[in-house]
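Input sequences plus hints: build the corresponding full structure.
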Amino acid sequence: MSQPQIAFQLVLSEISRQFGPTLALSGLDLEMKGGECLAIVGENGAGKSTLLKIISGQIQADSGSMLLGGQPFRPRNPRHALQSGVAIVHQELCLAPHLSVEANIMLGREPTRKGWINLKASRQRCQAILAELDHGTLNLNTTVGQLTPGIRQIVEIARALASEARILLLDEPTSSLSEADTRKLFQTIDRLKNRGMAIVFISHALEEVNRVADRIAVIRDGQLVRVAKKAEWNTGSIISAMVGRPIDDIYPKPNETIFPDTTFAVEARELSGTNLPESVSFQLRAGEILGVAGLIGSGRTETARVIMGLDRHKTGEMKLYNNSINNKISIRQRLSRGLGLLSEDRAGEGLALTRSIEANIHYPVYSKYSRLGFISNRKTGENTKNWIKTLSIKCNSPNQAVQRLSGGNQQKVALARLFSQQSKILILDEPTRGVDVGAKVEIYRLIRQQASEGKAIILISSYLPELFGLCDRLAVMHSGRLSEIRPIKQWTEESVMHLATSGFSEIQSHKNIH
Amino acid sequence: MKNSINNNPRLTRISAILAAGGPFAGLLIAITLFAWLTRNENTFLTEFNFRTIAVQSVIVGLSALGMTLVVISGGIDLSVGSQVALVTVVTSLMGRDYHWPMACCFIVGLLVSTSGGMINGIAIDRLGLLPFIVTLGTLQIFRGSAKLLGKNTAVYFPTELKPTWLSEIMAIETGPRFQLFTQGFPAPLGKILTTVPFAVWLLMLVALLVWISLRKTTWGRYVVAIGSNEATARLCGIRVGMVKISVYTICGLLTGLAGLMQFAEMNGTGDPVVASGLELEVIAAVVIGGASLAGGEGSILGTLIGALIMRVLRSGCVHAGIPNATQDILIGLIIVGAVALDQFRMRLARRGLSH
Amino acid sequence: MKNSINNNPRLTRISAILAAGGPFAGLLIAITLFAWLTRNENTFLTEFNFRTIAVQSVIVGLSALGMTLVVISGGIDLSVGSQVALVTVVTSLMGRDYHWPMACCFIVGLLVSTSGGMINGIAIDRLGLLPFIVTLGTLQIFRGSAKLLGKNTAVYFPTELKPTWLSEIMAIETGPRFQLFTQGFPAPLGKILTTVPFAVWLLMLVALLVWISLRKTTWGRYVVAIGSNEATARLCGIRVGMVKISVYTICGLLTGLAGLMQFAEMNGTGDPVVASGLELEVIAAVVIGGASLAGGEGSILGTLIGALIMRVLRSGCVHAGIPNATQDILIGLIIVGAVALDQFRMRLARRGLSH
Amino acid sequence: GGQKSEPNVQSPTNPAASVSPNSNGKSVVFVGFDGSPPLVEAMRQGKIQGLILQDPFQMGYKSVMAISNSLRKKPVEAVIGTGEHLITPETIDKPEMKDLVLPPKLEHTVDSKASGKKEKAFRVMVIPKGTTHEHWKAVHAGAAKAAAELGDMEIIWQGPTKEDDRADQIKLVQSAIATNVDGMILAPLDARALVEPVEQAIAKGMPVIIFDSALESKKIAGYVATNNYNGGVIAAKRLGEALGGKGRIILLRYNVGSASTDEREKGFTDTIAKEFPGISYLSNDQYAGATADSAQQASQNLIARYRGQIDGVFCPNESSTLGMLRVLDSMGLTARK
Ligand SMILES: Nc1ncnc2c1ncn2[C@@H]1O[C@H](COP(=O)(O)OP(=O)(O)OP(=O)(O)O)[C@@H](O)[C@H]1O
Ligand SMILES: Nc1ncnc2c1ncn2[C@@H]1O[C@H](COP(=O)(O)OP(=O)(O)OP(=O)(O)O)[C@@H](O)[C@H]1O
Ligand SMILES: [Mg+2]
Ligand SMILES: [Mg+2]
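Protein chains in written order, with the numbering used here: chain A, 1 to 514; chain B, 1001 to 1355; chain C, 2001 to 2355; chain D, 3001 to 3337.
Just so you know, the hints here were simulated from the structure itself, not pulled from any lab data. Where hints are given, some of them may not hold.
[What the hints assert, rightly or not] Simulated pairs of lysine-lysine, DSS-like, Cα-Cα distance not exceeding 25 angstroms:
{"#": "1", "chain 1": "D", "residue 1": "Lys3266", "chain 2": "C", "residue 2": "Lys2151"}
{"#": "2", "chain 1": "A", "residue 1": "Lys120", "chain 2": "C", "residue 2": "Lys2216"}
{"#": "3", "chain 1": "D", "residue 1": "Lys3120", "chain 2": "D", "residue 2": "Lys3074"}
Structure follows, in structure tokens:
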């Protein structure tokens, strides 16, 4: 590796930031230098995003100082930070849905010729960046509003790359990326590192951190626990530094109780949506967890939405406990028949961000906590407190607006709602996106517990280890079609990836079943 | 992991006081200002003048209660002014052309505006259009219908059919009918009941009902949820369409009540051009009261105060001898000022809580 | 991985045709309807009448161009009507009280409305208030100022200072001055130039400029970006405040132009009560033209057609002898209908392309 | 007393007067302008001491006759007066006042359609200032009667959609020109702003008769109107005499920038200043606004402000008089028989 010219450093010292009663950061010291990738890990609400927001000028530190290349650095706003060479990929998607892919990528740094936009240069630049991320075929004229979260994430990364910053801050960029895209991103990160860029990478997936980081910093409750070279860490030590205690078993044991398989909880036959999915068939029993793997755009979310009634289905048949379901059956009726969905789009659909934790947990079940339409605040309050405790939701009070929680804690609120619905069939679309290891363990345990109570669960995830750790059976989606469902033991990570990318089963050609 | 619940009680308390006091502060400032301006005359700070102001804010207030619900649900209703006109015309017509007793005419009037509101709601829900556009259309449609029905001119309710209580509805001094009722109460309560005009009692009663249904019922929660994030509400199985339609229908009903008050105030006249521009005044009241046009936020008490503030201004200007042009400018400044103050207060109260 | 957007070329083509044709269709329907209603007389489908209609849509059109920018940026400007009145009064005052030549008065008028727009922008940006509220306030403030300056009555520009071109500005038949200019062009072009009234040329020129700055410059992109997602725009280093202020300032400038047209139409009269309610008409034009009040979307051509549609309706109703009340109802139905049609078209065009 | 219309039953027993601690029982001398059923009824009950009536029926009638003459190339008088008349509770039921007090009215908004085949020799468009005031209905009736008498003339009645909006009326006149009628009868909302389109019509060969308020153009065929200034003078005299030459009064103006009422207000204030030095104003700078409702709100504030001090009130048109009447009545400040 050619030695990059380490021309600058960003040094943070004694950074503190308070949100009302919450101390998000307290006296944090950290430094990052060109040509290096620094990974920051920590529990949900540890203050990672807050730190990046301070560096990128979105919020200001209450105290402490920063030095950029030896000069004092106090970005007043994102514009100032950008001008100083700091670009960020935000944890929540942050794009202009009405503008094209090209306009979004080049927003704020359009090549101009005498005040006019130089469309040709702009498109060439976009093409180059997208090609680097292996998405060179993406139509630059598509308006971003029509893209799926996964593709939007790519666009957002492309935008950060287009800014040619010296410091690139990536806040959970991989949480909605497929394996393949993640790999591409890491290759890009390596290249950028070699060009002398400083990269900060946040992820809750420790393998990713291991793959890409040079140094790893663990923060807890707004304070730096330890920062050291990658070689000085191992997974166990990272986890115990994050959580404050060691964790042994990440995935819970499979079910002991066998449920009588007289009726299927969900039965889909050749289900097709207006665009995706195409002719999906599967059967799911109570007490079973069915995993669905696939690349982004493979139609997993669409399948979930069609089952839930959020999108119309065009052809095919669907039954819940032998009751057939058609487009006339409203979401409300589906909920009352025991269906529940955890949306992958937390901010856009999953949560009413300006409302309290309590309200968000109880929206579907208010009628159970009310008499003659009048709500019993005592009961809902108690229930909320229980869920806050069970899921370790980090908050000031049950009445805190959800938008003031950290990303992972928001996810927990969404889960709490789903569980409190007491649905018989749970569709979980990326349930642990943005959730820290400690909480993941808790969530896995809860999912498994739900299954052992006789719930049928569909688990959509782009994170293969959790599919393998949790599911009883697994299917792979490709281009809107669902593969044959097989017990988890008959899959390997390779066979899943092969099927997801090519659409053909490896098994058919190689016949090497484990 | 520490769940640090409210570990700074002082900040919380200040914020709570400020939250309640926001619109109140504006009202007090306005009253103080005019009391000072009219210090040489003692006509402004009189019980009678306050009763006048209170009665004058009833029409805007009633409609603004409905509008508060609509705004909280993330919508807007521009058609309220036209609805008021339509109600006065229809009510008067029923008496003039069909000789119905007034109480029945009132019911017809309410039915008309309630259906008007329901039409708004259905169009918004079924056609999937922005409330601004639908109600911009119905603003014209209802106004046109009022003109058409009234043949472009005022419709007078026949004098011989007018009951005595008509003039008592919007009377500034309590009429004998209502006194008969209030006399039944023990002395201090009866005195209070008598001092406050009937229309103001009505407004307060309606406000209480709206407040209860907004804050204590599941329906109220759903309204707020829809205003906060419609997709979430849908996902949670809330019947978004039904709730929206109900909100606009209730807004129509309350605006219909406002229309009846208008009818009574005009001593039984149906006027197709009355209340034009009322919508902006109503929205101003709601917004001064602390509601957010982005949905999800709004306060019943705030709305009432918002309606009062504007009437205090108008009345105060007359008492202080300020000409109409200056009145307009003052009102404009107050609208911006009150909301800016509110914003500032909120920022202060949650300082450090947001980015 | 296949990026299967727009993989159906036929659907795409249909959608493109529909997108361009949407508001046009509305216009054609309206014209056909009235041509049929007035088939016995041939006064509606005449060149003269179309010129009349075109000139009559200039005032709303100019202001609506500014409003389109504001709406695309995610805002709204309720103060345009008051601004028009203020401009007519100020322009007239400069002539009456200071005997300035008209061209200079025009410049003062434009300066006033431009600063008015800038004040809107600054208040929205600095105070962080919703545009609806700020401009609801300035609606009152500008109107009050116009009344105050005009001392509550019409201000007449002195006849002796009126240049001959004043009456040519809004003339329906091209005046001699403009003919002098158009004669310079070769026959067919000169003929066209002469047939189309001056005011309409002005409107088209301004529309072209606005279109270019919206679609071909970075500034235009920033306007869309802010309307689409303000947080993103901020994150990308766009000076959101500056862009917003510029948008409202331009809206003020264009509304000022509309005010001058209004001044010319009234033959040099400054009228403090003119153009009340213009804001709703302007917003209707913008929305009928396909803009979304949620921001990020809007079309210059659409807005022009939107402005035309409403004038065609009004004029057609006069020709067909339809009474005012029915006119109002028709306009209301058209507003809702046009937008519903647009919605339907979009849904058709993007069927299956999104969830 | 009125013989056929029942007096307003609740008013004589209006409780407000007896309950109110503030009212000192002193009633207000109220002089208004124009007649509409509620105003006439109130006068019969003695609540209004004077109303200045115009003769809108004559206005319509004479306007049509004038344009007929003009179309037939017959001479037309430059200014045709229609008179202004004071009625008081004493004179209201005199037979000669009957047609003034309750003039015939037409309620249709449109008589004949411009789209219909032209069946008569002449087709004329009549454009009032607004459509909702009673005044215009009587003008309409007069115009219709004249047209019927002439036999060969049809009129199209078309008011601006927005009350009292100059710009809207200009557009309407322009559209009228495009409909190619033979002539136009117009009540201009502004003496100067409408000159341009009117002269354009005249240039296209349509004679124009102006009525109700003036237009500053020498090209018009004739002008039919009440002398508004004189109306104000009569009102001032009536109020001054009823007050015995001294007292404090309120002048509630009509609307910003309305020429005919400005004239009336001017006639009123000039006369008060010249002939009644003992009379002073409590308020003369408040405007009632375009509708009876806005007038009512403005009146309410004024009365609350000056309660107990008011000796007399003048309002210069129908809607302001009606708004003020409602307030005075509800506060027990009107006189009654
Ligand atoms: N705008 C805000 N208002 C109030 N509190 C906030 C706000 N933003 C963050 N916090 C609080 O600050 C703490 C740190 O939040 P931050 O978003 O930095 O966490 P994080 O480490 O990024 O977590 P995650 O892994 O879940 O994204 C959390 O307790 C959160 O509730
Ligand atoms: N490159 C692309 N550009 C635009 N649209 C795409 C692209 N790839 C897929 N899509 C669209 O995305 C939709 C399928 O995405 P969906 O969210 O269902 O996939 P998923 O398997 O759930 O992926 P994710 O991992 O994001 O949840 C389809 O409508 C498809 O047309
Ligand atoms: Mg985070
Ligand atoms: Mg998905």
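Structure-based check of all given hints:
1. About 15 angstroms separates the Cα atoms of Lys3266(D) and Lys2151(C), which keeps this hinted pair within 25 angstroms; it holds.
2. Our distance criterion of 25 angstroms between C-alpha atoms is met by Lys120(A) and Lys2216(C), whose separation comes to about 13 angstroms.
3. Annotation: proposed proximity of Lys3120(D) to Lys3074(D) holds, straight-line Cα distance about 19 angstroms (limit 25 angstroms).
Against the hints set out earlier in the document, no violation occurs for any number.
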